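S.K.: Please model the complete structure; the sequences and the hints are all you need to start from.
Residue numbers (this note's numbering), protein chains in the order written: chain P, 1 to 297; chain W, 1 to 102; chain G, 1 to 389.
In case anyone wonders, no lab produced these hints; they're calculated from the structure.
Given the structure is predicted, the values throughout are model-derived calculations rather than measurements.
Hints may be right or wrong, so weigh each one.
[Stated by the list, open to error] Here chain P is said to cover these stretches of chain G; the calculated rule only asks that three of the stretch's residues, wherever they fall, bring their Cβ under 8 angstroms from a Cβ of chain P:
1) 99-112
2) 214-228
3) 235-249
4) 270-277
[What the hints assert, rightly or not] Every beta carbon over 12 angstroms from chain W, so not counted as near; a handful from chain P, in silico:
5) His-25
6) Glu-162
7) Gly-294
Note that CB positions come from ideal geometry on N, CA and C, so glycine has one too.
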Amino acid sequence: MSALVDEPLVERPPSDTKLPRITPHETAEILAELRTPKTLWCPGCSNGIVTRALIDAVLSLELDPARTCVVAGIGCAGRITTYLKWSTVHTAHGRALAVATGAKAADPGMNVIVIMGDGDCIAIGGNHLIHAARRNIDVTALVFNNSIYGMTGGQMSPTTFEGDRSTTSVYGNIEQAFDMCELARAAGATFVARGTPYSYTRLAQLIAGGIAHKGFSFVEAMVSCPTYYGRQNSIPKASDMMRRQYDRSVPVEKFDREGPRLHDLYPVGVLHHVERSEYTTAYAKVVARLQEQGAGS
Amino acid sequence: MTDAGTEQKSTRSRAPEAILIDLDLCKCCGICSELCPQDVFDVDDLAHPVVARLDDCTTCGLCERRCPDFAITIRRTPKAETRVDHAQPADDQAAGGAGGED
Amino acid sequence: MPEPRRLIQGNEAVAEGAIAAGARFFGGYPITPSTEIAEVLARRMPQVGGHFIQMEDEIASIAAVIGASLAGVKSLTATSGPGFSLMQESIGYASMAQVPCVIVDVMRGGPSTGLPTEPSQGDVMQARWGTHGEHSIIALVPSSVMECFTLTVEAFNLAEAYRTPVIVLSDATIGHMREAVALPTPDELRIAPRGEPDVPPDEYDEVMSTVDNILPRPALGSRYAVHVTGLVYDRARGGVPATGTPSVAEGLGRYLREKIYHHRDAITRVEEIEMEDAEVAILAYGSVARSARAAMKWARRQGVKVGLVRPITLWPFPTVAIDHMAEQVRTIIVPEMNLKQMSWEVMAAVRGRAKVVDHGRVDGKLIRPEEIQALIKREFHYHRWEETA
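M.R.: Dropping the structure here:
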């Protein structure tokens, strides 16, 4: 271990995690944080619900909106940047975490929240997820996982379940679905959580917990796409898809890790939470040490 | 903002004063009406929700929070204790997706 | 008062130029022959309170540079051909979203893995057109260690003034050579600062920027709550996407071009040596210009009227200088370490008024003065040449 890294690695089981309290705000207060509430998202798309949960989290934490920045990738989720009233950056596909890394490194005092769809995060963006987690840089990744590529018309995603249909898995998907939370945890993320829009307040709490956590936070929201995923997989009604979010989610304490994964059930709640050296803090220590030693410019 | 609710004076203390639905924002997705635990809503022929049984509403707030289009505003009664959002899942560590909403 | 002369490497001079220009963020990935820029900045950035980060690949590097620049910090990356190819998408993003930043490409033999340790000038067209879509770019070409320093400073100034990515096209020879130079001190340099809007947030509007008065964008994480996107956006409506309005798309595309091309006379720089009475000119840039200068001097020693025109700005292409040349000389020799990339541009600007002779090589070897001398000889076949070298 480097001499600079003097914060010990503390394994904290999820049940010890104290999540921030959420005050669900009235719709008028939510609307005040939006440039426009008229979104391009389809009827029944969960994206709007997670957007509200994010706003509830940010307002409950009393973050300074002037010091908050949302960086998002390409896809339906990425369009959140048009709607939120804070500093927002709509990046190239898959590159949100890399852009966020630069922004956070340049201005470590800024609250940086990164919004991605499943394709943006784990297909084209997979490498950047791995390294942002490895660095444990203090940004919060909030992934809208609808297991489909909605913006481009319903193609499969790395998180599409085996057997599911899409426009590019016409005979049923033969690939395994990615567990993004497992990847984030293995790569070094220090706060990993999963929630559903169905359990709204719980999701808002997890998002707030991720934002409040100092280190790389990864929060996966299992959202629904009725238009493409739903219609191609015989579950076209938004309310049915919402119920399925409930049916498939199991609290992490009760989840049988040896049992069937991801095709039918997934654990929700705080899946992983440890504290270890955060990237911008460690870098600042290097700079401070040099200045102490009198290294000139 | 159009008020699509019936403004019946509620006799039960848990119902709000009104449930306001902004028809300009509503995309008729059906989440509010189909997932309401108290079956407060009917739908009109354009699939907009219509507040049909305001008295049955317990002001749980789920329709307002789960509306993806920010179209629902619950005009709550002044009595704050009718709000059910006190119970935070963190207070009960066993709560989660399989234990009923929130 | 300048610093004392010291032997300094071209790549090191680029790094010092960036620091002198006020750059305080470097995000990059090692690749020969640019790696020294990263290594020097890994040491220097923390010393000046800036940020150095080795990203996981070149795509991440340019993305991080964009993020840091949006957060208000002058930022750069450095790479070579293969990494430059990887960066193209985000260079286009920086162009579209008007993000000032500097990309140093130390050219090597290509295409693909090519000749990692040998020079070329194979990326000059890629610097102009590497990213998709109609866009403009500024590219500078150093020809000496001192220019590695001064043109890097200039690159940052241009990036700030025109809110654009700027490319510095070095090559393996210029990057790795060492020359004894006395680098300018900060008070001897003009440094364009990272600007801030001078109106409060409720009065700020992106559309206040015009071609003649390009205003800085506020930083992220400030009260200005900017929206930045790579989609076609409406400058008159806070920069929000406007993909459904053709007039907005046309207006934005033309604005982004005019923002640079309206100022091309101010931006383009060319060095002219002994052109006043030249009958034949050599047009050469980068490391080839050094050989061209030697060949030109050799010809002049024998009374043959040859001049050298050295573009320092490759893009926008210095058409005005070429125009004057075409009126004056009968032949323009264009030696390049590629196969005719810039000579096509020269021919287009010349419009048939002079003969254009191209000379290229792609074997990773420098074009030697003797090669250019042989081409000069052919233009003066009546002359009695006394030296062969």
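S.K.: Of the hints given before, which are not true for this structure?
M.R.: 1, 4, 5
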